[in-house]
Structures are given as C-alpha cells and as structure tokens.
Amino acid sequence: MDKMKLPFLIKKGAEASLYLAEWHGKKVIMKKRLPKKYRPSELDKQIRVYRTIHEPQLMHEAKKAGVPTPTIFLVDVKKTTIIMGFIGGTQIKQLLGKTVKSKRQSLCLKIGELIGKLHAHGIIHGDLTTSNMIVDNEGKIFLVDFGLGEKTKELEPRGVDLHLMKRALQSTHFRFAEECFNAVIEGYSKVLDVKTVKSILDKIKEIERRGRYIAERKDDWDD
Amino acid sequence: MKRENAGGFYCLGIESTADDFSVGVATFGGKILANVINAYMPEEGGIHPREAARHHAEVAGKVLEEAFTKTGIKPESLSIIAFSQGPGLGPCLRTGATVARALSSYLNVPLVGVNHCVAHIEIGKMKTRAGDPITLYVSGGNTIVSAFDSGRYRVFGETLDIALGNCLDVFAREAGLRQKVGMPFGAVVEKLAAKGKKLVPLPYTVKGMNTSFSGLLTATVNLLKKREHTLEDLSYSLQETAFSMVTEVTERALAHTEKKEVLLTGGVAANKRLQSMIRAIAEEHNVRFCVVPSEFAIDNGAMIAWTGVLAYKYAMVTPIDKSFVKLKWRLEEVEIPWIK
Numbered sequence: 000m001d002k003m004k005l006p007f008l009i010k011k012g013a014e015a016s017l018y019l020a021e022w023h024g025k026k027v028i029m030k031k032r033l034p035k036k037y038r039p040s041e042l043d044k045q046i047r048v049y050r051t052i053h054e055p056q057l058m059h060e061a062k063k064a065g066v067p068t069p070t071i072f073l074v075d076v077k078k079t080t081i082i083m084g085f086i087g088g089t090q091i092k093q094l095l096g097k098t099v100k101s102k103r104q105s106l107c108l109k110i111g112e113l114i115g116k117l118h119a120h121g122i123i124h125g126d127l128t129t130s131n132m133i134v135d136n137e138g139k140i141f142l143v144d145f146g147l148g149e150k151t152k153e154l155e156p157r158g159v160d161l162h163l164m165k166r167a168l169q170s171t172h173f174r175f176a177e178e179c180f181n182a183v184i185e186g187y188s189k190v191l192d193v194k195t196v197k198s199i200l201d202k203i204k205e206i207e208r209r210g211r212y213i214a215e216r217k218d219d220w221d222d
Numbered sequence: 000m001k002r003e004n005a006g007g008f009y010c011l012g013i014e015s016t017a018d019d020f021s022v023g024v025a026t027f028g029g030k031i032l033a034n035v036i037n038a039y040m041p042e043e044g045g046i047h048p049r050e051a052a053r054h055h056a057e058v059a060g061k062v063l064e065e066a067f068t069k070t071g072i073k074p075e076s077l078s079i080i081a082f083s084q085g086p087g088l089g090p091c092l093r094t095g096a097t098v099a100r101a102l103s104s105y106l107n108v109p110l111v112g113v114n115h116c117v118a119h120i121e122i123g124k125m126k127t128r129a130g131d132p133i134t135l136y137v138s139g140g141n142t143i144v145s146a147f148d149s150g151r152y153r154v155f156g157e158t159l160d161i162a163l164g165n166c167l168d169v170f171a172r173e174a175g176l177r178q179k180v181g182m183p184f185g186a187v188v189e190k191l192a193a194k195g196k197k198l199v200p201l202p203y204t205v206k207g208m209n210t211s212f213s214g215l216l217t218a219t220v221n222l223l224k225k226r227e228h229t230l231e232d233l234s235y236s237l238q239e240t241a242f243s244m245v246t247e248v249t250e251r252a253l254a255h256t257e258k259k260e261v262l263l264t265g266g267v268a269a270n271k272r273l274q275s276m277i278r279a280i281a282e283e284h285n286v287r288f289c290v291v292p293s294e295f296a297i298d299n300g301a302m303i304a305w306t307g308v309l310a311y312k313y314a315m316v317t318p319i320d321k322s323f324v325k326l327k328w329r330l331e332e333v334e335i336p337w338i339k
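First to last, the protein sequences are chains A and B.
Just so we're aligned: the first sequence equals residues 0 to 222 in numbering that gives the first Met the number 0.
Just so we're aligned: the second sequence equals residues 0 to 339 in numbering that gives the first Met the number 0.
These are calculated hints, taken from the structure and not from any lab test.
Check the hints yourself; a few may be wrong.
Unchecked claim - No more than 25 Å apart at the CA atoms, straight line, and that leaves these computed lysine to aspartate or glutamate pairs for DMTMM-like:
(1) A/Lys-44 to B/Glu-283
(2) B/Lys-325 to A/Glu-41
(3) A/Lys-10 to B/Glu-260
(4) B/Lys-327 to A/Glu-177
(5) B/Lys-196 to A/Glu-177
(6) A/Lys-165 to B/Glu-231
(7) A/Lys-92 to B/Glu-173
(8) A/Lys-202 to B/Glu-50
(9) A/Lys-10 to B/Glu-282
(10) A/Lys-204 to B/Glu-332
(11) A/Lys-11 to B/Glu-334
(12) A/Lys-36 to B/Glu-334
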C-alpha cells in the first residue's frame, strides 16, 4: 500500500516540480511534470510523456556506465511523475564558489570522469549544469535531471553536451570557468581515448564557430 | 563637455547593424525625443549586407534630417553621438559608424560605441521600468536569455545556430510571402498562424538552456514543399513549436536565477502569441511580465541613444581610433557599470 505522506514542494523548476516525500518508509523525490499552459496541449503532453519515460531509462543506463544517479522507484506515465531516491547532499553549484582551488579542481576532474563515462556508453546528459550535480555526504557525485538526454555515440551531441557544460560554467561560475572546464576535460580524457577526445574537442570548436562565441570569426561579408 | 552646462543634454544614437538604418535622440534624463527608422526591403531574398549598407548610406542624410526636425534641436545642441558598434553585418555597421564618426568630429563631441544587444535590454528596461529582469531577447539576428550578475549581462542560454526571427523570415520567404513597411515577415507569419488550426509535429530542440532552430526550419520548409498542409497550419505549427522552445528555456533561466521580473525584447517581442506565452510563465512563477513597446522592439536608434547616455555617465567614451566595428561582439563581454 502506498504510504505517501507529506509531499513538500522543494523546487518549482521550469520543467517539473520536485516534492520531498515519504514512500514506504523511504525519503523520496517526486518529480512531477505538470502541464504547461503556454504551449498547445497536444505538444505539451507529448513532451511531458516522452521525458517521463525517457529520463528513468537514461538514469538506469547511466548507472550501468558507473555514473551514480538516484534510484528509480516508480514511473507513473499517466501522471507524468517519477518517484526516485532522495540524495542528501549539496549541489555542485553551491559548492564551487565556496571552496578552495584544489578542491574545485578535484571536483571538476571527477565531473569530467563522470561525463566521460556517460559518453563512452553512448549517453548524452543534455543539461550539464552544476545544479544537476549533487555531492552526497560521502563525497560521491550524483548526476540528476536526464530529461533532455539521449542515447547516441555521435560526435555532435557529445560536443554540444560539453559545450553546454562550458557555457554553464561561464554564466554561473564566471570567475573560474576556465580552470574548471580544463579540469573537466582532464577528467574526461582519463576515460575516453586520445583520438576520440581530440575529435570531440575539435567538434566543440566547430560548434563555437557556428554560434556567436568567437569574436575573430572570419566574416564572409567582410570587405 | 561644454554643452553639459547649456541646459538640455542630448544624445543622438545611430543604429545600423542589419536591415534598418535608424536615428534616435534621447535626453540625459531618459526621454526619447525622436526615433526615425528606415528599413531596407530587398525585392527578393534575404539581407545582402552590401546592398543594405548602400541603402543605409543613401538614406542616412534624410533620416538624420527627419530626426532633427522632429526634436526641434540643432545638431550643435548635441552632447554625445552614440552608435551601434556591433554585433552585426560588417558593411552595415561600418556605414553607421562612418556617419557617427563624421558627426562626432564635426560637432567636436564625444563618440560612444554601444553594444546592440545591451541596447535592446536597456531600452526594454527603461520603457517598462524593469529593474533586474531575466531577459528574453529575440530578433532576426539574436536569441539570448540573459540576466545581470556581477557587472555584466550573463548569457544563460542562446541559439546554437540561427536566430528565431531568422527562422521565421526564411520560412516566410520560402513560402513566397512578401513583407512591406510596417508589416515585416514576422508579422505576416503571425497573421497566417492566427488562422492555423492543426498542429503539425515538428522537431522540438531544447539543449539545456539553449535552443536550435535550423532543424526545425528545414523540417518546416520540407513540409511546405510537399504541400500536404495549409500554409496557415504550418505557420501556426512553426510558431507554436519555436515559441514553446524559447519559452521553456526562459522559464528554466527564471527558475535557475529566481529573478522577479521577465522582460521580452527584440523584434520578435512584437509577436502577440509569444507575449502570451512569456506572460503565462511569469504568472506561473509569480513574477512581473514586461514587454518592450513595439516601436522599440525592432532595431532602433533610440535604444542606442539611451544606452549611449548610460555609458557616457560612466565615462565610457570611444576614441575615433578605437571605434572600429565589432562584428561578433558578445553581450557578456560588455562591462555594465551603471547597474549596482
């Protein structure tokens, strides 16, 4: 029998609301993807159902790749709700700014290794920000929020994944974005072979050229 | 500097990053006295930078004259000349910069190079009295979600390829639609979309806080060529999909930063459907919804003039030898000392 009590809203995100709840004596997170009034209902439902089914699958795959993710207890597609284990700890986002350089380096190195493990197993996280990484009391880093992820070994999505990580560091941790990203790449390189890493790094450069990231980009119309 | 003691302080702003050539005049107190816009409308195809630049050079004198007539002030009463220094199309930017340099040296007043993206945010804030918003800036050249933090506008999300407005424009051109003065492609698509009923499934691409529109555009154009759906339904589906994407990333940034206001600015901000979507997330998160008035949504000189005033008050002047245009000048490269 379900003994869900005290659902307590801990975070109203953009995509889902997170409730802290108790379920069969366990502390759990209830992730509810609520309807979004702004988009057409058919599109809205399609997105919510797809992500509700997809996210637990990717989290499971991530575990197989050796990347800690919360345990999935229940997936309710109809209610677009996932019940998963609660990770007691701190978000990397809160930690990075408060810690010393050496600790920052070792955290980012570990993060890089985790991303490397995901990519090596053909998993793209899709939303690599420091809010989606939690360090538990034993120092283990968990990755959460796989709703935008996908399964592929292609170079382009891997490059975008890392590019997003870099951008997240630049917007939220601008004071030490570069040193952090370098450490991430160092950790990443421990998992994937040199050749692959090089081609992914080249891909990131290509993505940056394609977007609006490089001031000295050659302009076709420069005359 | 002498003119600062002469009563009214005026800044003239020149905007010429893409297809519009515009001159605006702002007072130091934040009053917009003139905002004259002259758009280059190609007979066919997109904006050819050199053709657009030729247009700008041709109309510059006329637009300036109109701005002076409107304000009733003489060129000699100007205290500063501001211009859009980037980002944008090289030849277009250079034309505006040349006019600005000429005026500045002739009148012997300081020149202020302004970042076009900063100007879109600043005019939106000024016109809506927003203090510290999450801004969704959507136009033909840019799609950026940003907020102020520690001295700069930080970019939380943006397009990974083409801009939202560009996506709508290309679709409109592929559909053989025509734009005219006061009715740009975006408005034409909006009108058609309002008559659409059926939502055609299209690729929905959100990557973290970023979006990508090139795949969506290709898919929509391919469907257009197959002629299985009406133009109204395709316009509707394209708008709904693309706007849902930018709304989702804006909501993400809102949840991430926990700001208390959301500002919609840039050319696409004039779209009523997009406004209603952003308003919906503002209501849901209990934050204030602000949208720039449509006269100041499209590229305009007034926003450059006003941002010039803000920068000048913090001694950010641009010597002529440093006034070269910056084609890829990013929003977050600009220091913003006027926000504490």
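Evaluation of the provided hints:
A hinted pair counts as satisfied when its Cα atoms are at most 25 Å apart, and A/Lys-44 with B/Glu-283 qualifies at roughly 18 Å. For the proposed pair B/Lys-325 and A/Glu-41, the alpha carbon gap of about 44 Å is over 25 Å, so the pair is violated. With a CA separation close to 19 Å, the supplied pair A/Lys-10 and B/Glu-260 stays within the 25 Å bound. Restraint check for B/Lys-327 and A/Glu-177: the C-alpha separation of about 21 Å stays at or below 25 Å, so the hint holds.
Restraint check for B/Lys-196 and A/Glu-177: the C-alpha separation of about 48 Å exceeds 25 Å, so the hint is violated. For the proposed pair A/Lys-165 and B/Glu-231, the alpha carbon gap of about 40 Å is over 25 Å, so the pair is violated. As the CA atoms of A/Lys-92 and B/Glu-173 are separated by approximately 44 Å, the hinted pair breaks the 25 Å bound. Simply put, A/Lys-202 and B/Glu-50 have alpha-carbon atoms about 34 Å apart, too far for the 25 Å limit, and the pair is violated.
With a C-alpha separation of about 17 Å, the suggested pairing of A/Lys-10 with B/Glu-282 holds against the 25 Å cut-off. Between A/Lys-204 and B/Glu-332 the alpha-carbon distance is near 19 Å, which keeps this suggested pair within the 25 Å criterion. In summary, the hint linking A/Lys-11 to B/Glu-334 is not supported, as the alpha carbons are separated by about 32 Å, beyond the 25 Å threshold. Between A/Lys-36 and B/Glu-334, the direct Cα distance comes to roughly 37 Å. Violation of the 25 Å bound is thereby established for this hinted pair.
The structure does not agree with the numbered hints 2, 5, 6, 7, 8, 11, 12 stated previously, though it agrees with the rest.
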